[in-house]
Amino acid sequence: MYDFIEPVIFGLLSIGIIAAAGCVVLLRRITAQALLMAFTFFCMAGMFLLLGAETIAAFQVLIYVGAITVLILFGVMFTKQDERAYALFFQRQTPWAGAVVAAIALPVIILAFSFPDGVPLAPGGDLIPLATSLFGDFAFPFEVASVLLLAALVGAIVLVKRDDDEEPTGPAGEALP
Amino acid sequence: MTVPLGAFIAVSAALFFIGAAGVLMRRNAVVILMCVELMLNAANLALVAFSRRSGSIDQRGSVFVVFVFVIAAAEVAVGLAIVLSAYRNRPSVDVDGARAMKG
Chain A
0 MYDFIEPVIF
10 GLLSIGIIAA
20 AGCVVLLRRI
30 TAQALLMAFT
40 FFCMAGMFLL
50 LGAETIAAFQ
60 VLIYVGAITV
70 LILFGVMFTK
80 QDERAYALFF
90 QRQTPWAGAV
100 VAAIALPVII
110 LAFSFPDGVP
120 LAPGGDLIPL
130 ATSLFGDFAF
140 PFEVASVLLL
150 AALVGAIVLV
160 KRDDDEEPTG
170 PAGEALP
Chain B
0 MTVPLGAFIA
10 VSAALFFIGA
20 AGVLMRRNAV
30 VILMCVELML
40 NAANLALVAF
50 SRRSGSIDQR
60 GSVFVVFVFV
70 IAAAEVAVGL
80 AIVLSAYRNR
90 PSVDVDGARA
100 MKG
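Going line by line, the protein sequences match chains A and B. The opening residue of the first sequence carries number 0 in numbering that gives the first Met the number 0; numbering runs sequentially from there. The opening residue of the second sequence carries number 0 in numbering that gives the first Met the number 0; numbering runs sequentially from there.
Careful, some of the hints might be misleading.
[To be verified] No more than 20 Å apart at the CA atoms, straight line, and that leaves these computed lysine to aspartate or glutamate pairs for DMTMM-like: (1) A:K160 / B:D95; (2) A:K160 / B:E74; (3) A:K79 / B:D93.
Since the hints were made in silico from the structure, they are not lab data.
With the rest of the complex left out, here is chain B:
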């Protein structure tokens, strides 16, 4: 027996909401970046599951997963650069203290 499509989508939804809860609840900027990566990866799982099980010949969902990989890499690089440059001005990665972004 094969695993039904709904099970993959349920795992994807669970991981997405765990990541969303982390983004809303944590205050460490690096942990927030990690949780955003978890959410992007959950979207990847849903895309691949639909693409492989929809019976389409060209499987375009997997192409979008490649683009999500690119966006995730760019996002984490620029995000960490912003965290590090903010850390140079105010030595903390706590996002609650960074309400005032004006220098």
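If we strip away everything but chain A, and leave its shape as in the complex, we get:
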């Protein structure tokens, strides 16, 4: 009786994803772009729920909607965003880039629709198979990933750290009072 609900939810989520992602590419207001990116990630978490992957959906909300959006907003706030004239956006390579991407994208998207349907959804959630694989066969890559995160943490701190012998300057290079 409620068979129509799943395609309707899928349609709403895909419209939200594609419209918000298109606005991220085309808009010129950087804070709105960051928040629309968070909305795209949130709709993607709904897609994961529709596929029955609750654990991945929870990770998506925690990492993408939470952490990465906040990091991007920090980057937006720390830098001065210059609002240029809109005409400059359409520089020489922009129409070419859009045309090349569209020419590759359209056949791929049309081909993707004809992908043969697999088996219906596996019963049960994805937590137990995910954990069994992650801490069983993939235990060593999991540890390597933690080392990678540590290296990224140290690298990010080293990159933004000022040298102590430098004069303290503002972000634009002007001397601080």
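With chain A's structure known, arrange chain B on it following the hints.
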């Protein structure tokens, strides 16, 4: 009725190409980072769709999604650090002006 697998893959491909167009067309470094995140997330959707609908018992595609999460977090942290340290030398996030990377 359930949504066919091809529909998920089509949405994933559309999001990937929207992100690719953003990377090629925009010049703001922070916006380019956002579009790279969109592309990574599109790959995640394809991985989860194949993993959940392939009927495999252990669903290894979801494991790769966890690793993509880790890579994305590390990438955005280091990328923003590079953008901020370049911004300290030359106060702009415009990538066109950063052709000469030598100090």
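* Take the C-alpha atoms of A:K160 and B:D95, compute the straight-line distance between them, and say whether it is at most 20 Å. => Violated, at roughly 25 Å.
* **Proposed proximity, B:D93 with A:K79 (alpha carbon, max 20 Å)** => holds, 10 Å
* Between A:K160 and B:E74, is the straight-line Cα distance small enough, at 20 Å or below? -> holds, 18 Å
Figure legend: structure checked against the earlier numbered hints; the only hint not met is number 1.
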